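Number of protein chains: 2
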Amino acid sequence: MAVKCDNCPLRELEIFVPFTTEEARFMKGFKIGELTVDAQTPLLIEGSNAPQLYTVLAGQGVRFKTLEDGRRQVVNFVFPGDFIGLQAGVMGEMGHSITSATEMTLCVFDRAEIWSLFKSHPDRAFDLTWLAASEEMFLGESLATIGQRSALEAVAWTLQRLFQRGEALGLTTANEMPLPFRQQDLADALGLSLVHTNKTLAKLKDRGMVLWQDGVLGILDRTGLSDVAGIPMEALRPRPLI
Amino acid sequence: MAVKCDNCPLRELEIFVPFTTEEARFMKGFKIGELTVDAQTPLLIEGSNAPQLYTVLAGQGVRFKTLEDGRRQVVNFVFPGDFIGLQAGVMGEMGHSITSATEMTLCVFDRAEIWSLFKSHPDRAFDLTWLAASEEMFLGESLATIGQRSALEAVAWTLQRLFQRGEALGLTTANEMPLPFRQQDLADALGLSLVHTNKTLAKLKDRGMVLWQDGVLGILDRTGLSDVAGIPMEALRPRPLI
DNA sequence: GTCACGATATGTCGTCTGACATACGCGCAA
DNA sequence: TTGCGCGTATGTCAGACGACATATCGTGAC
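Residue numbers (UniProt numbering), protein chains in the order written: chain A, 1 to 242; chain B, 1 to 242.
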């Protein structure tokens, strides 16, 4: 890990969420610095109370829980703009771990400053709650996917949601986006075995719907994929940025 | 549905969260009234933007999502003290529906007042975020349960968590608590078929661990159940009340 | 009383998914 | 070059879970 500030991609993000000058000044004080980590680096650990919170500026990661016997559940995938450490920030304990999947650049905040945010910037505090509620909503959908959908439906649904997120973030070019995760990560996200996930992916590939190779996801048949996934292929609304 | 105020169980709840006089005055203005509904009454509908939010004063309910083809995923069970409608309150849209399982008494709030809460009562706004983060944490655990645990483990885990919640709320007497849900609700919560849920429950009953009959859950072997569930059988921390 | 309906219970059989084995390609180190 | 580890791919077999059928019990309508 090394703190650095060059080549900062923050400008990109400011396109999405324009700050007022006062807000910018406050957030600047809120911000401790920037952090760049390598791929496969643990950022936050389940059960810990991290003193620092992050906003992802670049790179991707994985949120996951580990059961006592080693089984792993991927709770969500982390993308630029995501806020990391909210649970530690308000509850004093993370419910899951977070690890980078690629090199990541993070905006670092001080946990103790959350209070001042609630006191002096209620609109930003509201955004924080919005993020938490949004995450809760997504987890509810994931629950429905894992609980109710078949393996084929679940994989199609997940790839579609990932691509929708990519589109909302401008990570896509034509019908492709970077997806630097392993099949094992997807399997752990869906509660499927690695082998069955692989075979299910092969089925979607055979049907000419998706192509996921070398860390790049390609959507070849949007409508077909939507039919299998059971949700319309529309883009997502933008999220507030903390 | 009928609004009434007699026989109000609010006193009970105030034991857990003492308000300052100013807070009490504010919350009193925040509160519109009380609502009592029969069992099996829809309270909030997925996708809707309810003008009113609730805190559960008495009774139990179910949060659930419905897929296009009718499949149902129970997201969580609702107990006294739970806040209902947060997603509609901050995002303008519910991600799941909520239906009462028993007769329920609810404290009614105005959705529009959430803003004033953030502006003038940052500590209460913080509690709101705490609740959202807490719910997110629980959903993460549920994901891990549905995704990773076997049917037997999952049922044991759920019954244990339900009993822990009951203990934290003072709903338990000795080793029993009211659990007015159907086996179908549990099945939909775990992504299992009704039949398999029934057989799994029978297995736990045969082992002398639990007894769930006539809306009453009895824990006969706490340590045995904990072993199967894979989590220690300790009580939960109290939650803030909105 | 009796009929219908919902919830729970239990058996049989089929299938979706997991476990295990094996193979291929690639990057990396000796 | 050779060997090793990691991720991906594919086949066979086994098991957990779902689908269907059926039965019991209690409640409510008539």
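One or more of the hints may lead you astray.
It does not matter which identical chain is meant; a pair holds if it fits inside one copy or across any two.
Cut-off 25 angstroms, straight-line C-alpha distance, at most; resulting in silico cross-link-like pairs (SDA-like, lysine to any residue) [what the hints assert, rightly or not]:
| # | residue 1 | residue 2 |
| --- | --- | --- |
| 1 | K203 | E68 |
| 2 | K203 | S134 |
| 3 | K205 | P80 |
| 4 | K203 | D69 |
| 5 | K31 | T223 |
| 6 | K199 | Q183 |
| 7 | K199 | S120 |
| 8 | K119 | E234 |
| 9 | K199 | P51 |
| 10 | K199 | Q184 |
Honestly, the hints are just simulated from the structure, not real lab data.
Predicted, not measured: the structure shown is a model, and the values here were computed from it.
Hints, verified against the model:
Proximity of K203 to E68 under the C-alpha cut-off of 25 angstroms is restricted to the inter-copy arrangement: shortest distance 23 angstroms between copies versus 33 angstroms within a copy. Taking the shortest Cα distances, K203 and S134 never come within 25 angstroms of each other, neither inside one copy (32 angstroms) nor across copies (38 angstroms). For the identical chains of this complex, K205 and P80 are neighbours neither inside a copy (27 angstroms) nor across copies (48 angstroms), given an alpha-carbon limit of 25 angstroms. In the homo-oligomer, the alpha carbons of K203 and D69 lie at most 25 angstroms apart only across protomers (22 angstroms), although the nearest pairing inside one protomer, at 31 angstroms, exceeds that limit.
For a Cα distance limit of 25 angstroms, the shortest separation of K31 from T223 qualifies neither inside one copy, at 42 angstroms, nor across copies, at 47 angstroms. Taking the shortest Cα distances, K199 and Q183 sit within 25 angstroms of each other inside one copy (11 angstroms), while across copies they are farther apart (33 angstroms). Within a single copy, K199 and S120 get their C-alpha atoms no closer than 53 angstroms, and across copies no closer than 55 angstroms, so neither meets the 25 angstroms cut-off. In this assembly of identical chains, the alpha carbons of K119 and E234 never lie at most 25 angstroms apart, being 37 angstroms within a copy and 35 angstroms across copies at closest.
Within a single copy, K199 and P51 get their C-alpha atoms no closer than 42 angstroms, and across copies no closer than 46 angstroms, so neither meets the 25 angstroms cut-off. In this homomeric assembly, K199 and Q184 come within 25 angstroms of each other (Cα to Cα) only inside a single copy, at 12 angstroms, whereas the closest approach across copies is 31 angstroms.
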